[in-house]
Amino acid sequence: MSELLQIRNIRKSFDTHEKRLLVLDGISFDVREGEFISILGPSGCGKSTLLRIIAGLEKQDEGEVLLRGKRIKGPGQDRAMVFQDYALFPWRTVLGNVLFGLEIRKIPKKEALEKAIRFIKLVGLEGFEKSYPHELSGGMRQRVALARALVCEPEILLMDEPLSALDAQTRNLMQVELVRIWNETKKTIIYVTHNIEEAVYMADRIAVLSRRPAKLLDLVEVNLERPRDRFSKEFIDLRARIFRLIQG
Amino acid sequence: MRFEIFKEFFIFFISIGVFLALWEAYYWIFIQNPFVLSPPSKVLVTFVQLIVGDPKFTETGFSMPIDMIYSLYHYLYGFFFAIIVGFSLGLIAGWSKKVEKFLYPIIELIRPIPPIAWIPIAILLLKLTHTAAAFIIFIGAVFPILLNTMYGVSSVEKKYVEAAMTLGATKTTTLLRKVIIPASMPAFFNGLRVGSGVAWMCVVAAELFGVSQYGLGYKIQLARLYHSPDVVISYMLAIGIIGLILDRLYRIAESRLIRWRRGFVVE
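As given, the protein sequences belong to chains A and B, one line each in that order. Under my numbering, think of the first position of the first sequence as 2, with each following residue one higher. Under my numbering, think of the first position of the second sequence as 291, with each following residue one higher.
Please note: incorrect hints may appear among the correct ones.
[Unchecked claim] List time: in silico DSSO-like cross-link candidates among lysine-lysine, alpha-carbon distance up to 27 angstroms: (1) A:K116 / A:K20; (2) B:K297 / A:K60; (3) A:K74 / B:K449; (4) B:K388 / A:K107; (5) B:K468 / A:K60; (6) B:K332 / B:K388; (7) A:K131 / B:K468; (8) B:K417 / A:K74; (9) A:K20 / B:K461; (10) A:K107 / B:K468; (11) A:K74 / B:K448; (12) B:K468 / A:K74; (13) A:K74 / B:K346; (14) A:K60 / B:K449; (15) A:K71 / B:K387; (16) A:K111 / B:K388; (17) A:K116 / B:K388; (18) A:K188 / B:K388; (19) B:K448 / A:K60; (20) A:K60 / B:K388; (21) B:K388 / A:K122; (22) A:K107 / B:K387; (23) B:K391 / A:K110; (24) A:K188 / B:K387; (25) B:K461 / A:K71; (26) B:K448 / A:K131; (27) A:K116 / B:K387; (28) A:K111 / B:K448; (29) A:K122 / B:K461; (30) B:K387 / A:K74; (31) B:K449 / A:K131; (32) B:K346 / A:K60; (33) B:K468 / A:K110.
[Unchecked claim] To give a feel for the contact side, a few chain A residues facing chain B, derived at Cβ under 8 angstroms: (34) F30; (35) G35; (36) P76; (37) P91.
If you are wondering where the hints come from, they were derived from the structure by calculation, not from laboratory data. As the structure is a computational prediction, the values presented were derived from the model and not from experiment. Note that CB positions come from ideal geometry on N, CA and C, so glycine has one too.
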């Protein structure tokens, strides 16, 4: 597998009214084409900031992010993001939300509609095309957000703790769904989470970050066969290893 | 459910009926002078005659449908420009902090001046024309529209803009068109409704000064000179009814166009 994205020595600090807060302290790793990579770290460690830098929504102080060798300078059509609080457009229906990226890309109407409906089906929301976001449950909203991002066919799908607002049952179900969708679409996914089990269940590799200021502790390969068994010895051992890694 | 609706109507008619009865009694007990005040029974007759165009009134130039058309013309003329100016300035000022800071002193200086205070300058500048009337209406309606739009735009949540950007909408014009404007529609409509109410009140004020020989406001003044309180009150009634209808129309348009707001507060 080839390197799609190169993250090189990213440093980032924020100015609070008291002092300068170093958040990311020289993070470097590569993302391979087609892989499901998870960025894992304790709450508030800056993993979301790292994802926002990759998305182009935030500027790093030092270092660079290269996509196919080209430096990322701002948001672009090659990267789509799924947010923790969904950020669905409340004035658009499910179909309208999914059509958004296609309208931006000036895809002909008929083609866009067919495509949108195909992706709504992919995330299991057929029959809800005309519903507004406020009429849907949390899990359904996140499916819409996923379809809205996937329909743009970005090179990389960025996901910022997309399941953390859901209850435990829905979250497990959505993890299974996400892996299925990833298998079907063969997208490169960068998935930010603070949940070790979630990362081990879904990811090919896990970039484990330390507490703030975040450094890369390890890049863990998850060599477990899919579909993964959350209660197998290997699964639990790996969870424990990563847990100890973060605890230090 | 049927019974509830019936009860609502019952209370409505009782309320109106008590008001009219008191008015009628007041006239016959204290006034008894048709050149000073008219009882509702007389007003009702006059109102109908004015609407259907009884020769008694049309001979002296009182035809309510024509006056309504002129007043609505003044209203639409002024309100149209108030929407254009209010919306575009509100959009720019809501989007850019610099423009907002620049516009703020001007707005805050002009806003407290009542539209009526502009009448002399409107007449001097534009003479007794429809444009002078429209100008007063414009002054009255533009600020509610501008300020509400500005508020709507500046309070669009950042996450919608960011989501749009990561979906490929990186140009400012695209963001304005696809995110900012639709997201601020509820606030804009609020400004439209408030602005329309003010504009309609300004129609009467502007016409009172005789910018044209037709219009509901002008005829109220004229009827006073003729000592016909029944005509005065009939025209007042017409103004009230049209104002009510306009407000209802905006509410209906609002709920049609911004369907997504439904049940938003409950959440």
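How the hints compare with the structure:
no. : hint            : verdict
1   : A:K116 / A:K20  : 49 angstroms, violated
2   : B:K297 / A:K60  : 64 angstroms, violated
3   : A:K74 / B:K449  : 19 angstroms, holds
4   : B:K388 / A:K107 : 32 angstroms, violated
5   : B:K468 / A:K60  : 25 angstroms, holds
6   : B:K332 / B:K388 : 59 angstroms, violated
7   : A:K131 / B:K468 : 19 angstroms, holds
8   : B:K417 / A:K74  : 58 angstroms, violated
9   : A:K20 / B:K461  : 34 angstroms, violated
10  : A:K107 / B:K468 : 13 angstroms, holds
11  : A:K74 / B:K448  : 19 angstroms, holds
12  : B:K468 / A:K74  : 23 angstroms, holds
13  : A:K74 / B:K346  : 78 angstroms, violated
14  : A:K60 / B:K449  : 17 angstroms, holds
15  : A:K71 / B:K387  : 33 angstroms, violated
16  : A:K111 / B:K388 : 42 angstroms, violated
17  : A:K116 / B:K388 : 41 angstroms, violated
18  : A:K188 / B:K388 : 42 angstroms, violated
19  : B:K448 / A:K60  : 16 angstroms, holds
20  : A:K60 / B:K388  : 23 angstroms, holds
21  : B:K388 / A:K122 : 45 angstroms, violated
22  : A:K107 / B:K387 : 31 angstroms, violated
23  : B:K391 / A:K110 : 41 angstroms, violated
24  : A:K188 / B:K387 : 40 angstroms, violated
25  : B:K461 / A:K71  : 21 angstroms, holds
26  : B:K448 / A:K131 : 25 angstroms, holds
27  : A:K116 / B:K387 : 39 angstroms, violated
28  : A:K111 / B:K448 : 31 angstroms, violated
29  : A:K122 / B:K461 : 30 angstroms, violated
30  : B:K387 / A:K74  : 24 angstroms, holds
31  : B:K449 / A:K131 : 23 angstroms, holds
32  : B:K346 / A:K60  : 78 angstroms, violated
33  : B:K468 / A:K110 : 16 angstroms, holds
34  : F30             : 21 angstroms, violated
35  : G35             : 20 angstroms, violated
36  : P76             : 4 angstroms, holds
37  : P91             : 5 angstroms, holds
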